[in-house]
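Q: Sequence:
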Amino acid sequence: MSIAMLAQYSLLQPIQTGAQLLNSNKTGWLGYDVEQAQSSPWLYGWDFRKAYNITGAMGAGANYQIELTVNYDVGNDSGGVLYCGRLCKPDFGDIRFTDNDGLTLLHCWQQTSVPFDHAIFWVQVADDLSSSATIYVYYGNTAATSDSDADATFRFCDDFSSGLDKWNLTEFGQGTQAHTLDSANGKLHVHAESSAANVTSGYLLETKQSFSSLGAWGFCVFATASWDNLTEEHSAVGLIQCIELYDGHKTCWAIGLSGIQNIMISLYVDNDIPLTTYNQSLYRSGTSWFRYYVDCSPQVIDMQYGWNHPPLAGGEALEWLTNFTLSSYKIRLWAIVQSSSGLVKVDSYYDHVFLAKWTPDWTGGGSWGAEEIWDSKESGQQAVLPMNIASAIVTIGSFAVIVIFSTKIYKFRRDSRTAPLQRESNTDKAINSHRPDRWFVM
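As numbered in our numbering, residues 232 to 673 make up the sequence shown, in order.
The hints are simulated quantities; they were obtained by calculation from the structure and are not laboratory data.
Don't take every hint at face value.
[Stated by the list, open to error] Here are the computed distance ranges between Cβ atoms for each label pair: (1) Gly600 x Ser559: 36 to 44 Å; (2) Lys439 x Asn307: 39 to 47 Å; (3) Asn460 x Thr343: 19 to 27 Å.
For clarity, every value in this text was computed on a predicted model and none was experimentally measured.
Ideal Cβ positions, reconstructed from N, Cα and C, are used throughout, including at glycine.
Make a model of the complete structure from these sequences and hints.
A: This is the structure we're talking about:
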């Protein structure tokens, strides 16, 4: 084995430490842990990865958040959908995202997951997505646990798993109308009843944190919500749910559900002038989860309803074109009922609320590379027979050893690092091991 051939390998911690000279007058083996060098940088401990080539969009900028669906089973990758071929953990705790260098971890949030089925991730991409960029998705590490971090991924996010510390609460109908609020099971739940004309019952949540505009960059507020058990004695029940952007001067842009004979979605802009509302009749089960979107980019407010963003068939899209200035704002969530007469009651739920960057040109498109596999499954104990054919001085830590190269490379298996070496065969033998830190050939 020549020195040039050895350059394909990384020499690691020796089994016998200290300086040792092997020559034709000494018999025995000098063993090293070795690994074949990966052709490109690789995340330590992971067996598989795929490159995702993201289609950029004007105005996206750096640190844009993208949505990806990761499936446990076998399938065809397409757009923002990846299939791991049953090679990831069933709970998706080993999913990692890196920059295009294959090493730098990216912030991510695992929004939802169904074990052995799929998980939805949001990833903050460090590169400027005003043009196309590439990231890697790693999987296949049974020892890994989730590194999901919503607060690092978004400017604001609440999945209601840790109480309501991020919100200021306003109560309506206190002492006169029945209503309750809780955040058990990672969801905000409000039950509200109103039996008096023009009396509101329920709660308003407003973020304690204020958010400044992103300058040239737009933003989007996402809210996942549902409603159930709507009971009304009369047709007019008014507002049920609403998400608002509020700047402190009674100026807000919002989208909400109201019950006027049927559930309707409304977009409104309130600038201390009569309310402007656009309604589209919606007939749907109240137990279905859906999303509200309030997108803001220069000169445009885009408010949408539906599961996909941008909405696909079945979603509702409303657009308000206006010249506006929004320098500072808070996010508001309404969960109330209003009665004109008679009893009205409803259960409202919010699951996730988060604030992300947004550009109206974003399509969420991209293409996937082929699955890559860490190619060093033959790493393990490897030794060279001292035949005095060639030699080289190799520095390992603070020790220097003289390595004698032979024409045959033998593989060895060991039970532990301190166990004696036992010769196994003179042919390549796959020996699984975790990838250790590398030493470099001097």
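Q: Determine for every hint whether it applies to the structure shown.
A: Now the hints, each set against the structure:
no.: 1; hint: Gly600 x Ser559: 36 to 44 Å; in the structure: holds (42 Å)
no.: 2; hint: Lys439 x Asn307: 39 to 47 Å; in the structure: holds (45 Å)
no.: 3; hint: Asn460 x Thr343: 19 to 27 Å; in the structure: holds (23 Å)
Hint check: no violations occur; every hint is consistent with the structure.
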